Amino acid sequence: MRAMLFAAGLGTRLRPLTDRRPKALVEVAGRPLLEWALLKLKASGVEQVVVNVHHFSGMIREFLRSEKNFGMEVFISDESDLLLDTGGGLKKAQAFFEKTDQPFIAMNVDVLSTIDL
Numbered sequence: 056m057r058a059m060l061f062a063a064g065l066g067t068r069l070r071p072l073t074d075r076r077p078k079a080l081v082e083v084a085g086r087p088l089l090e091w092a093l094l095k096l097k098a099s100g101v102e103q104v105v106v107n108v109h110h111f112s113g114m115i116r117e118f119l120r121s122e123k124n125f126g127m128e129v130f131i132s133d134e135s136d137l138l139l140d141t142g143g144g145l146k147k148a149q150a151f152f153e154k155t156d157q158p159f160i161a162m163n164v165d166v167l168s169t170i171d172l
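Start counting the sequence shown at 56; every next residue gets the next number (the working numbering).
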């Protein structure tokens with residue numbers, strides 16, 4: 056299964072925590088939001104995920120590298136030049152989803168949930 060993880064936002068509602076890091080790397084219970092999201096997706100059977108990035112994108116890339124993508128195939132959709140918001144981000148990553156006719160999961164990085172995906 057595939058997923059898109061929206062992690063490009065500026066994190067304005069999380070300031071001052073996002074003044075020096077992306078919201079995807081804000082920690083909750085000792086783990087960055089990005090880690091929580093990827094582990095949730097992996098536990099739900101997702102093997103490939105595209106993550107859109109904008110704000111402090113290099114920090115997200117480095118975190119993913121340092122964690123070996125949590126054993127998943129991770130693709131980056133880079134919005135560093137222009138933040139595209141949700142619809143634009145999904146449109147930019149469209150080719151990732153056209154390679155299969157299977158359903159996919161779209162998830163915001165800053166949503167923590169116990170819902171069974």
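What the hints contain is simulated information worked out from the structure, not anything from laboratory work.
It is possible that part of the hints are untrue.
Claimed, not checked - Derived lysine-lysine pairs resembling BS3-like cross-links, with alpha carbons at most 30 Å apart: (1) K95 x K154; (2) K95 x K147; (3) K97 x K147; (4) K95 x K123; (5) K146 x K95; (6) K146 x K123; (7) K154 x K97; (8) K154 x K123; (9) K146 x K97; (10) K123 x K147; (11) K123 x K97.
As the list claims (entries may be wrong) - Pair by pair, the computed Cβ-Cβ distance ranges are: (12) K123 x D171: 32 to 40 Å; (13) A150 x G100: 29 to 37 Å; (14) L69 x K154: 17 to 25 Å; (15) N163 x E102: 31 to 39 Å; (16) G142 x R68: 13 to 21 Å; (17) L94 x I131: 25 to 33 Å; (18) A150 x P71: 21 to 29 Å; (19) D156 x V81: 22 to 30 Å; (20) E122 x I160: 26 to 34 Å; (21) Q103 x N163: 12 to 20 Å; (22) A150 x G126: 18 to 26 Å; (23) E82 x Q103: 21 to 29 Å; (24) P71 x S135: 36 to 44 Å.
Owing to the predicted nature of the structure, the values given are computational and were not obtained by experimental measurement.
Even glycine gets a Cβ: it sits at the ideal position worked out from N, Cα and C.
Here is what the structure says about each hint:
1. Proposed proximity of K95 and K154 is supported: the alpha carbons are some 23 Å apart, at most 30 Å.
2. Between K95 and K147 the CA atoms are separated by roughly 24 Å; this keeps the pair inside 30 Å, and the hint holds.
3. Of the supplied pair hints, the one linking K97 and K147 holds, its CA atoms being roughly 23 Å apart against a limit of 30 Å.
4. For the hint pairing K95 with K123, the CA-to-CA distance comes to about 16 Å; that is within 30 Å, so the pair holds.
5. Restraint check for K146 and K95: the C-alpha separation of about 24 Å stays at or below 30 Å, so the hint holds.
6. At roughly 27 Å between alpha-carbon atoms, K146 and K123 fall within 30 Å of each other, so this suggested pair holds.
7. Pair hint K154 plus K97 holds up; C-alpha atoms about 20 Å apart against a cutoff of 30 Å.
8. For a cut-off of 30 Å, the pair hint linking K154 to K123 stands: about 24 Å separates their Cα positions.
9. As the CA atoms of K146 and K97 are separated by approximately 23 Å, the hinted pair is consistent with the 30 Å bound.
10. About 24 Å separates the Cα atoms of K123 and K147, which keeps this hinted pair within 30 Å; it holds.
11. The straight-line distance between the Cα atoms of K123 and K97 is roughly 13 Å, inside the 30 Å bound, and the hint therefore holds.
12. In this structure, K123 and D171 break the distance hint of 32 to 40 Å, their C-beta atoms being roughly 26 Å apart.
13. In this structure, A150 and G100 break the distance hint of 29 to 37 Å, their C-beta atoms being roughly 22 Å apart.
14. Here the CB-CB span from L69 to K154 is close to 33 Å, at odds with the stated 17 to 25 Å.
15. Range check, N163 to E102: about 20 Å between beta-carbon atoms, so the 31 to 39 Å window is missed.
16. Restraint check, G142 to R68: a C-beta distance of roughly 20 Å satisfies the suggested window 13 to 21 Å.
17. Separation of L94 from I131 is about 18 Å and departs from the stated range, judged on CB atoms against 25 to 33 Å.
18. One distance hint, 21 to 29 Å for the beta-carbon pair A150 and P71, is violated here, with the actual separation near 37 Å.
19. In this structure the supplied range 22 to 30 Å is violated for D156 paired with V81, their Cβ-Cβ distance being about 35 Å.
20. Separated by about 20 Å at the C-beta atoms, E122 and I160 break the suggested range of 26 to 34 Å.
21. For Q103 and N163, the Cβ-Cβ distance of about 18 Å falls inside the hinted range of 12 to 20 Å, so the restraint holds.
22. Checked against the hint of 18 to 26 Å, the C-beta distance between A150 and G126 comes to roughly 24 Å, which is consistent with it.
23. At about 26 Å, the CB distance of E82 to Q103 agrees with the hint of 21 to 29 Å.
24. For the pair P71 and S135, the beta carbons lie near 22 Å from each other, so the given range of 36 to 44 Å is not met.
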